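Enquirer: Below, each chain spelled out in residue letters.
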Amino acid sequence: GAVVSQHPSWVICKSGTSVKIECRSLDFQATTMFWYRQFPKQSLMLMATSNEGSKATYEQGVEKDKFLINHASLTLSTLTVTSAHPEDSSFYICSARDHSGTPELFFGEGSRLTVL
Amino acid sequence: AQSVTQLGSHVSVSEGALVLLRCNYSSSVPPYLFWYVQYPNQGLQLLLKYTSAATLVKGINDFEAEFKKSETSFHLTKPSAHMSDAAEYFCAVSDQAGTALIFGKGTTLSVSS
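Protein chains in written order, with our numbering: chain A, 1 to 116; chain B, 1001 to 1113.
The following block holds chain B by itself, in its conformation from the complex (with noise of 0.2 Å):
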């Protein structure tokens, strides 16, 4: 069975900072790998996801994740935060194509000028 652990509910930077929002998996087969983001009362919204090609991954608005398949991460960056990029994000694994995703508990993104 897969899982997924995300570091850190709620990780507070300032605009134009660095993000790093923290994700490891747990799969017994190669995983697919997905970093979702979720504002208030919305669904979510693919930022990016690993699929066994490139282990860099570059989603949309600047986020990109790496896949270390030693350290089993998935760890979301960005170079610098805006206002906008405040919300929740999820980590989600899947172990193949047809199956459900598997989500972590996410993270709180909260951006101060």
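Here chain A stands alone, though its shape is the one from the complex (with noise of 0.2 Å):
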């Protein structure tokens, strides 16, 4: 159980256009997801928490306008990396609590981003 899928895992795309990734919680509803943000060999930096139904919050120094983050229902959240340049090339995460409240968070596989 307790299963989230990232998609897609790699994407190339050109500087100045927009990439969608979408995160799915399989076998639990997530009444909050967050998306992070991993440079090579670097920790996992936190840019927002989505929450079903309502705007995003995002964190200090991370673009709204750049990360859209949309949470729709409680199994999908995207996140759209808009007018995207080389600097956003990234490794990024999505996670999901369960809405049962326990406090560990599940992880997608990842979406490796690449703009050339």
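What the hints contain is simulated information worked out from the structure, not anything from laboratory work.
One thing to keep in mind: the hints can contain errors.
[Stated by the list, open to error] Below, computed lysine to aspartate or glutamate pairings styled on DMTMM-like, alpha-carbon distance capped at 20 Å:
#1 B:K1049 x B:E1066
#2 B:K1049 x A:E87
#3 A:K41 x B:D1085
#4 A:K41 x B:E1064
#5 A:K66 x A:D88
#6 B:K1105 x A:D98
#7 B:K1068 x B:E1088
#8 B:K1049 x B:E1015
#9 A:K64 x A:E87
#10 B:K1058 x A:E104
#11 A:K66 x A:E22
#12 A:K14 x A:E87
#13 B:K1049 x B:E1088
#14 B:K1049 x B:E1064
#15 A:K20 x A:E63
#16 A:K41 x A:D98
#17 B:K1049 x A:D98
#18 A:K14 x A:E52
#19 A:K41 x A:E104
#20 B:K1105 x A:E22
[As the list claims (entries may be wrong)] Chain B residues, not near chain A, derived (Cβ > 10 Å throughout):
#21 L1018
#22 V1019
#23 P1079
The structure displayed is predicted, hence computed values, not measured ones.
Every residue gets a Cβ at the ideal spot worked out from N, C-alpha and C, and that includes glycine.
Dock the two chains into a complex; use the hints.
Expert: Right, here's the structure in full:
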């Protein structure tokens, strides 16, 4: 149980285009999802907290107009990187918490974005 | 605010040797603590968690960790390393069930034969 699926795993796009990454909780309902960004050989940096049916809460320094987060249902959150630039290239990982309230997060497989 | 410090960015052990990965936390309230493992280009897998029950926590693959409040530590151990344990390990903390996890910088574990 507690499986989080992230798609796509790898994406390459041209500078200036937008890319959408999906995060789904497959066997549980996730009222809260979290998006992290990970640079090579570094830790996970929290980008935003996404609550179903409401606007995401972004961490300081994260551009909300560049990283659009939507959490339209209890099993799906999306991250759209708008007008992507090479510096947006990174590994993006979503995570979800079961609505039953257990404290651990379950992570997706991650999405590696390369912007040319 | 909570924070996590992982001492040692890289730990090398021989196969069969004891694994010890260190984690110290800072939290103004009783914390929830976690250890996750990450293999290259993959997400994170939960090894174990501390949620104010038993201070010695057992996880998957023979890993365990002990919560020591007096030392603000939550070190991860495994009695005998396997080659398959080579990966990146992250310690994380949260202050209540609804908040995001704050991660340490990670420790790369290498296992040699």
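Enquirer: So, for every hint listed, does it hold in this structure?
Expert: Hint check results:
| no. | hint | in the structure |
| --- | --- | --- |
| 1 | B:K1049 x B:E1066 | holds, 10 Å |
| 2 | B:K1049 x A:E87 | violated, 34 Å |
| 3 | A:K41 x B:D1085 | holds, 17 Å |
| 4 | A:K41 x B:E1064 | violated, 25 Å |
| 5 | A:K66 x A:D88 | holds, 10 Å |
| 6 | B:K1105 x A:D98 | violated, 25 Å |
| 7 | B:K1068 x B:E1088 | violated, 23 Å |
| 8 | B:K1049 x B:E1015 | violated, 25 Å |
| 9 | A:K64 x A:E87 | holds, 16 Å |
| 10 | B:K1058 x A:E104 | holds, 15 Å |
| 11 | A:K66 x A:E22 | holds, 16 Å |
| 12 | A:K14 x A:E87 | holds, 12 Å |
| 13 | B:K1049 x B:E1088 | holds, 17 Å |
| 14 | B:K1049 x B:E1064 | holds, 9 Å |
| 15 | A:K20 x A:E63 | holds, 16 Å |
| 16 | A:K41 x A:D98 | violated, 29 Å |
| 17 | B:K1049 x A:D98 | holds, 15 Å |
| 18 | A:K14 x A:E52 | violated, 31 Å |
| 19 | A:K41 x A:E104 | violated, 23 Å |
| 20 | B:K1105 x A:E22 | violated, 26 Å |
| 21 | L1018 | holds, 25 Å |
| 22 | V1019 | holds, 20 Å |
| 23 | P1079 | holds, 24 Å |
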